[in-house]
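A.B. asks: These protein sequences, in sequence, are chains P and Y. Going by this note's numbering, the first residue of the first sequence is number 129, and it counts up by one from there. Going by this note's numbering, the first residue of the second sequence is number 34, and it counts up by one from there.
Possibly wrong hints are sitting among the right ones.
Listed below are several chain P residues computed to face chain Y (Cβ distance under 7 angstroms; list not exhaustive) [stated by the list, open to error]:
{"id": "1", "residue": "R139"}
{"id": "2", "residue": "G233"}
{"id": "3", "residue": "M237"}
Calculated from the structure, these hints are not laboratory results. Beta carbons are placed, not taken as given, at the ideal position from N, Cα and C, and that holds for glycine.
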Amino acid sequence: MSAAGSGYVRRVRRDEARLWKGRPPLLTWLDLELTDRCNNACIHCSVNRPAGDTAEKGREMATAEVRALLEHAAGLGCLTVRLTGGEPLLRQDFAEIYLYARRLGLRVMVFTNAALMTPVLADLLARVPPREPVEVSVYGLERATYEAVTGTPGSFDAARRGLGLLADRHIPFFIKGALLPATAAESAAFEPWACALSGQRRVAWVQFLDLRSRRDDESRNARIRALRLPPGEVRRRTAALPAAEQDELRRFIAAHAALQGDRLFGCLSAGGKGAVDAHGVFQYCLALRHPATVFDLKRGGLEKAVKEHWPAVRAMKSRNPEYLGRCGRCPLKAFCLQCPAKSWAEHGTLDTPVEYLCEVAHAQAAALGLLAGGERAWAVKDWDRRVGGPVPAGQDQRLGGQECGS
Amino acid sequence: MIERRIVMSEEVRLDAAYAPSEDVVARELEGEVVIIPLVSDIGDIEDELYTLNETGQAIWRRLDGRKPLREVAAELAKEFEAAPGDIERDVLGLVRELVTRRMVIAKS
């Protein structure tokens with residue numbers, strides 16, 4: 129011990145590697161789906177069940193189970209929990225869960241449509257800040273547009289009230305949009321509106337819609353397919369992006385062109401991210417519910433899931449010749465968002481190519497001048513030359529403007 | 034905007050006991066004490082945590098709201114085989130810094 133004089137306390141950024149002394153903990157981030165139920169009935173949603181679905185409500189984790197789960201996550205080193213759904217504010221115990229997580233020292237990210245935000249809850253978020261921006265999904269600038277998506281009369285005004293409660297209290301929030309036939313015409317005006325309201329630099333768009341992750345409703349899947357932007361429209365929109373955004377996409381593609389071969393999992397959990405659904409089932413990510421990849425926490429705790437189940441999932445390989453011949457050899461693989469979760473939702477497998485994602489990825493690459501019409505990326509021999517040579521790792525890790533939805 | 038409050042001039046005494054404030058949460062990560070602000074007016078930015086140096090951690094773990102700082106210093110002097118005067122200076126220095134940041138409060 130020495131007389132240090134001053135500097136006993138040091139401020140650090142959360143992501144400073146020094147916290148982990150070079151070796152990150154088993155779990156750094158937990159996505160926690162508090163409910164599948166939602167106050168809205170959005171036409172494109174891959175999760176939502178009706179708010180009044182009592183059978184679904186009965187399957188949800190009880191408050192005590194959620195609290196125990198948060199304790200275990202914090203004990204494993206987790207620093208951030210994302211509370212999502214469905215609509216997490218539907219739960220009567222949301223404030224209790226939120227405060228419990230914060231008192232465990234967890235940062236909390238809340239995914240919400242803001243319609244159920246109340247002055248009391250907003251006051252809580254102002255007094256005990258989440259330390260992560262609240263992420264708000266907004267489905268259009270006009271009432272008619274918005275409610276054509278949500279299918280819920282009154283939802284536009286409720287969401288605007290909720291956003292106002294956050295803004296009035298200077299609670300940091302981030303607005304996400306959805307590119308749908310109903311909202312596409314508003315997208316140019318949406319971006320400046322969202323940035324002015326929240327202070328964000330750009331809007332993250334949900335644009336290549338996921339099918340139902342519980343594979344629970346084929347008629348809804350058919351509707352979602354019909355709402356997807358056609359590849360031709362994706363190509364037109366990509367070609368119309370500002371040059372700087374096009375360059376950012378090219379850099380991302382160049383930086384993530386490494387071929388994956390038979391490897392199935394290349395994202396998220398390598399960085400210690402995990403997910404638990406509303407029923408207490410551990411998942412690799414929120415969208416992946418394939419029975420071979422999930423772990424019911426009633427069979428063993430979170431630590432067992434992370435230490436034993438996770439490595440086994442991560443080690444899974446593809447044996448599907450179609451996948452190996454296309455996705456495994458494709459330099460657009462990381463860009464196209466094809467992954468086991470998408471394959472599960474579309475086909476009920478882990479490794480069947482998703483034609484829609486393949487088509488829109490090729491449409492974007494064509495718009496960026498990387499592919500000629502009809503070319504398939506996995507057959508291109510001079511990819512490095514086309515993207516200007518490989519980009520050093522770590523130079524561009526962000527997928528500009530696109531969300532995988534997980 | 035929310036105003037950040039800093040306690041500027043509270044006297045820190047060796048005969049008083051101090052305890053972590055309920056406005057922060059302390060977690061041990063990899064054997065290191067990490068202090069996480071809970072309320073809105075501690076910390077300058079959203080993405081901020083605090084760690085303590087080795088001296089600070091040894092003192093922090095003894096701030097239980099019951100032991101006066103003189104007793105904390107005496108315990109540390111035995112453990113670290115350092116001059117009592119140096120130890121007392123460290124204890125007062127850390128607690129002053131933590132009081133200023135509203136991370137600990139006087140209990141008696």
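A.B. asks: So, as I understand it, the hint says P:M237 touches chain Y; can you test that by seeing if any CB pair is closer than 7 angstroms?
C.D. replies: 11 angstroms, violated
A.B. asks: Interface hint check: P:R139, Cβ to nearest Cβ on chain Y, cutoff 7 angstroms. Holds or violated?
C.D. replies: 6 angstroms, holds
A.B. asks: Just to be careful: measuring from the Cβ of P:G233 to every Cβ in chain Y, is the smallest value less than 7 angstroms?
C.D. replies: Holds. Min distance 4 angstroms.
Comparing the model with each earlier hint shows a violation of hint 3 alone; every other hint is respected.
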